[in-house]
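**Student:** Please dock the two separately framed chains into a single complex, following the hints provided.
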Amino acid sequence: DGGITQSPKYLFRKEGQNVTLSCEQNLNHDAMYWYRQDPGQGLRLIYYSQIVNDFQKGDIAEGYSVSREKKESFPLTVTSAQKNPTAFYLCASSSGGNRVTQYFGPGTRLLVL
Amino acid sequence: AQRVTQPEKLLSVFKGAPVELKCNYSYSGSPELFWYVQYSRQRLQLLLRHISRESIKGFTADLNKGETSFHLKKPFAQEEDSAMYYCALRSPSNTGNQFYFGTGTSLTVIP
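One line per chain: the protein sequences are A and B, in this order.
The first sequence lines up with residues 1 to 113 when you count with our numbering.
The second sequence lines up with residues 1 to 111 when you count with our numbering.
Okay, chain B solo, but in the shape it has when bound (with noise of 0.2 Å):
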């Protein structure tokens, strides 16, 4: 089954220090690997897709198949990071695409 999994539901770091969400996955196929964010009081929106391998507003996000991963990385936080991060996974089929989410991390910038 596909699963997409966020340990932390809540991170704090301080504004200028280096900043990591996790996110690990479990995928028979190939995967297709993505960070969504949702700032306050606006629309979830794509941050970025690991086909991409390209870097957003900072973050970049590498692929490990070896560990099944796709953590999120900012070498140095900015208090306008402060938003909702969801890993996603996307699943094609016959029927179409699903998207998996995982359960988001809470990011706080710390002034």
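So here's chain A without its partners, still in its complex pose (with noise of 0.2 Å):
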């Protein structure tokens, strides 16, 4: 636990709206991901970043955006053009070398009004 924080812990979004997700990690790892996480679907990988300023999309990346300005934050938007949005958003970094690993933050749930 620890290391990597995601806020807010619950967001609302209104139709049409773009709302952003924050994940801060203070590991100094290199790798950041998004997934999304819906029942019976387990998680999805929608971008991740290997390094600070790149980024690439995942299997479901279609109406989020995201930006890797600075290498402890990667956060993600989830614009009005995700019919969706309804899920639990999951931040994860990870080590490099021979034995990656990730690790996960606490989540965010975004529910639509």
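It is possible that some hints are incorrect.
Unchecked claim - Taking beta-carbon pairs under 8 Å as the criterion, some of the chain B residues facing chain A (in silico):
| no. | residue |
| --- | --- |
| 1 | 9 |
| 2 | 39 |
| 3 | 43 |
| 4 | 45 |
| 5 | 96 |
| 6 | 97 |
| 7 | 109 |
No wet-lab data here; the hints were simulated from the structure.
Because the structure is a prediction, the values reported are computed rather than measured.
Don't be surprised by glycine CBs; every beta carbon is placed ideally from N, CA and C.
**Tutor:** Now the structure itself:
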């Protein structure tokens, strides 16, 4: 535990609104990830970033955007183009080397009003 | 394409009984596989990885390349093992590491 923080814990979005989920880590990890967790579907990768100022689309990137301006921060914006945003969002970071291990944040639950 | 399959959404066993959570994968290279666990009201965390060949909390998992499986086993289940378990596969590339997760198995250990 610790090391990765996500805020807010709960977030409400109105129709047509963009919202941004925060993810911060103090583990000095180069890589960071965003996943969406839905019941019965496990974790699906939205975006990942291997280094600062670089990021890659995952399997379900449509309707989402990210930035990686600082090593410790990887915010996720859920845009109005995402038609089904209600989900639990998990951020993770990983160490490098031969024993890559992902560490997860506590998650943010996004609800649509 | 990389895939991780966990065929059981729900699994219930009695305390003291053996437990096996199934995981199958498809991967074109040499796989690196993990088991993650999420206890109630806690974060998702790493349980074990196949390259370490370790036993954590009494759990073991052996990679079977012939059957493309990485089943998680424990000889005697405990109530505190009740949790959500995810099997995951790491796929390295020149753009970084991607992790593919299964849909998870919810384990309930009945007292």
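**Student:** Hint by hint, say whether it matches the structure.
**Tutor:** So, going through the hints one by one against the coordinates:
Annotation: interface hint on residue 9 of chain B holds; nearest CB of chain A at approximately 7 Å, less than 8 Å. Annotation: interface hint on residue 39 of chain B violated; nearest CB of chain A at approximately 11 Å, more than 8 Å. The interface hint given for residue 43 of chain B is met, as the beta carbon of that residue sits about 5 Å from the closest beta carbon of chain A, less than 8 Å. Below 8 Å, beta-carbon pairs count as interface contacts, and residue 45 of chain B has one with chain A at about 7 Å; its hint therefore holds.
A distance limit of 8 Å between C-beta atoms decides the matter here; for residue 96 of chain B the minimum to chain A is near 3 Å, and the interface restraint holds. Checking residue 97 of chain B against chain A: minimum C-beta separation of about 6 Å stays under 8 Å; hint holds. A distance limit of 8 Å between C-beta atoms decides the matter here; for residue 109 of chain B the minimum to chain A is near 21 Å, and the interface restraint is violated.
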